[in-house]
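There are 2 protein chains.
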Amino acid sequence: MFDVHVKCPDTRARRGVLTTGRGDIQTPAFMPVGTLGTVKALTPEDLKAAGASILLGNTYHLYLRPGLEVIDRFSGLHAFMHWERPILTDSGGFQVFSLAKLARITEEGVTFQSHIDGSAHHLTPEKALEIQHRLGSDIVMCLDNCVAYPAEIDTVSKGVALTTHWARRSKAAWEKTGNGALFGIVQGGVWKDLRKRSVEELAAIGFSGYAVGGLSVGEPKGALMETAAFTLERLPEDKPRYVMGVGTPEDLVELVALGADMFDCVLPTRNARNGSLFTSFGTVNICNAAHRLDTGPLDPECACYTCTHYSRAYLRHLYMAKELLAYRLNTIHNITYYLHLMQQMRSAIAQGRFMSFKKAFYHRRQL
Amino acid sequence: MFDVHVKCPDTRARRGVLTTGRGDIQTPAFMPVGTLGTVKALTPEDLKAAGASILLGNTYHLYLRPGLEVIDRFSGLHAFMHWERPILTDSGGFQVFSLAKLARITEEGVTFQSHIDGSAHHLTPEKALEIQHRLGSDIVMCLDNCVAYPAEIDTVSKGVALTTHWARRSKAAWEKTGNGALFGIVQGGVWKDLRKRSVEELAAIGFSGYAVGGLSVGEPKGALMETAAFTLERLPEDKPRYVMGVGTPEDLVELVALGADMFDCVLPTRNARNGSLFTSFGTVNICNAAHRLDTGPLDPECACYTCTHYSRAYLRHLYMAKELLAYRLNTIHNITYYLHLMQQMRSAIAQGRFMSFKKAFYHRRQL
Chain A
952 MFDVHVKCPD
962 TRARRGVLTT
972 GRGDIQTPAF
982 MPVGTLGTVK
992 ALTPEDLKAA
1002 GASILLGNTY
1012 HLYLRPGLEV
1022 IDRFSGLHAF
1032 MHWERPILTD
1042 SGGFQVFSLA
1052 KLARITEEGV
1062 TFQSHIDGSA
1072 HHLTPEKALE
1082 IQHRLGSDIV
1092 MCLDNCVAYP
1102 AEIDTVSKGV
1112 ALTTHWARRS
1122 KAAWEKTGNG
1132 ALFGIVQGGV
1142 WKDLRKRSVE
1152 ELAAIGFSGY
1162 AVGGLSVGEP
1172 KGALMETAAF
1182 TLERLPEDKP
1192 RYVMGVGTPE
1202 DLVELVALGA
1212 DMFDCVLPTR
1222 NARNGSLFTS
1232 FGTVNICNAA
1242 HRLDTGPLDP
1252 ECACYTCTHY
1262 SRAYLRHLYM
1272 AKELLAYRLN
1282 TIHNITYYLH
1292 LMQQMRSAIA
1302 QGRFMSFKKA
1312 FYHRRQL
Chain B
952 MFDVHVKCPD
962 TRARRGVLTT
972 GRGDIQTPAF
982 MPVGTLGTVK
992 ALTPEDLKAA
1002 GASILLGNTY
1012 HLYLRPGLEV
1022 IDRFSGLHAF
1032 MHWERPILTD
1042 SGGFQVFSLA
1052 KLARITEEGV
1062 TFQSHIDGSA
1072 HHLTPEKALE
1082 IQHRLGSDIV
1092 MCLDNCVAYP
1102 AEIDTVSKGV
1112 ALTTHWARRS
1122 KAAWEKTGNG
1132 ALFGIVQGGV
1142 WKDLRKRSVE
1152 ELAAIGFSGY
1162 AVGGLSVGEP
1172 KGALMETAAF
1182 TLERLPEDKP
1192 RYVMGVGTPE
1202 DLVELVALGA
1212 DMFDCVLPTR
1222 NARNGSLFTS
1232 FGTVNICNAA
1242 HRLDTGPLDP
1252 ECACYTCTHY
1262 SRAYLRHLYM
1272 AKELLAYRLN
1282 TIHNITYYLH
1292 LMQQMRSAIA
1302 QGRFMSFKKA
1312 FYHRRQL
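Going down the list, the protein sequences come from chains A and B. Okay, so the first sequence: first residue is 952 according to the numbering used here, each after it adds one. Okay, so the second sequence: first residue is 952 according to the numbering used here, each after it adds one.
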């Protein structure tokens, strides 16, 4: 169930609510990435304090570690990781193509070797759904064929055809189990014709939501935005639109303006572990010597645990000394920054001032 | 100010309270080690939830990183690290002798090179006090000369003489600034004559408390316990007795029985990071395959955050996947175990049942 409450009069941005059995998700929404049953360095309590209403879990990673035999003992990922709010799981397709070894694709599915121990595995659209079902996923993604950039148009075209074929089989399999929402994934690289075809074929099958896949795979930023704009515009109005694996704060603001409702990205968590911290006034590299004696907070406008209790000098010290606490404090801040940014955008859309928000956002981020 | 409330009728164990300007410390007490201005992987809130009333800070480490120029901006370590309860700081002597390079000792003090960048530093009893004063320490330790095991009796004897000389100078310097409590440190290796002399010389100078130093430096467990017993017995009754750098849960129970009031040790935090977890029923190596499918808590009797919300299977998964959350959850548990053990000992002494507690403790730990 997805309801759009308010549309921005000046852009395609929209304010909505996505309803799941485990709670509502206010959109536009950002989903922190919990690859292996944990958002790196954080507890579920940390995530709730930061304002997270949904997490993303990685099917490929969880299937390999800890494996379904373990997850089954807990009747799913939620109890295993102590997170009772919604979880969206990807299909595993992206990791199979980007991370696994010797991936061999046929119409039937994909055979690959684990990046951990080289063990052989076979993934089909039906198997991807079964794994996500056993993970207890609230939003299930269809197995898709994600093609790296750059690629020949023929390769991308075949990828679209295979993605549609797998999407049809996914829908059929999903209709039997009926758990959670099922999202289709649009492919087509940077070719508009292919994106258009992919959108139309998926919309004809009919899904609870639609993801724009195959972005952030090496294409230039301009191509990403142009492709996203073209694709988002053509997706059904009444369903949530999810741009996968993107992006910077600026990307999120642009994509919300283009009508995107959902995002996931490792950027806030990964950058936190590298000492790169997002603030209202630009990005702070915490190891910079300028922060050595700075008794002020990382971001004076941020209400997160880190900014409330610690100084830049302390954060720099922890980071330079490679103290474990550094990773947690930095991650709490970056995730709070992302989730607060989404909250600001939701308010701005609801109050009909998204354009002025966007202008102020850019102005301050470039200070 | 130190008050002994109850003495165990069967052992030398005692239940007391040590009063500081930042709060009372119920004894026997365990002090988690916050080497670099953080107990590794934990926040102050985690430590309070675990029941910590005092932390130990390492003067040597903090002097080198972040350095006093940084600490001064916060008027001390408490504000820098967001911990308002008492802090005991060591003198730096132990690290200079064990960690620094090219330590050269004279009657005046010790010259050494930083283990981080090789920079040259000079530490005297007066300088050690000044650093601790600037750290804002609530309990200040005298610079002592800690000798490794094994060592010639002449070397140890000279160490005792130097420790007494430095203790006298420390007391004189402390009387000028007058901040915090000042503890003397007994040396003497495993030689009873030397321990006796060290105790007598320090007691003649007069301190707010006395530490048994020079243990856990390589001597056999039997020698540690015999030396501790001999030394603790001779220390002033009306002052707190602190056994430095020790030990296992069993060591703490034995030393409390011998009249020790305070402890610090990296064992609970370091072992947590190595997946070795203390429980009422013995030590659990969390990477053991036996825990793979175990949906039960690490320690069913433990009320810590980790045992309340997570299973052995999840803790094993996090640890095997080297997830950052593993270090925090494991450390929360081990520190809670240590602090809860102290709490159990305090209750048992107060209620006159320390001997039966001790017996039950050993019985269960060996299950």
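Any given hint might turn out to be false.
Identical copies go unnamed one by one, so any copy, or any two together, can satisfy a pair.
Capping the alpha-carbon separation at 27 Å, the derived lysine-lysine pairs in DSS-like fashion look like this [as the list claims (entries may be wrong)]:
hint, residue 1, residue 2
1, K991, K1273
2, K1052, K1273
3, K1078, K999
4, K999, K1109
5, K991, K1127
Calculated directly from the structure, the hints in this document are not laboratory data.
Hint check:
1. K991 <-> K1273: Classified as both: same-chain Cα gap 16 Å, cross-chain 10 Å, threshold 27 Å.
2. K1052 <-> K1273: between (32 Å within a copy, 22 Å between copies)
3. K1078 <-> K999: neither (31 Å within a copy, 46 Å between copies)
4. K999 <-> K1109: Neither. Shortest intra-copy (42 Å) and inter-copy (59 Å) distances fail the 27 Å Cα cut-off.
5. K991 <-> K1127: For K991 and K1127, neither the intra-copy (34 Å) nor the inter-copy (49 Å) Cα distance is at most 27 Å.
Of the numbered hints given earlier, the model fails hints 3, 4 and 5; all others are met.
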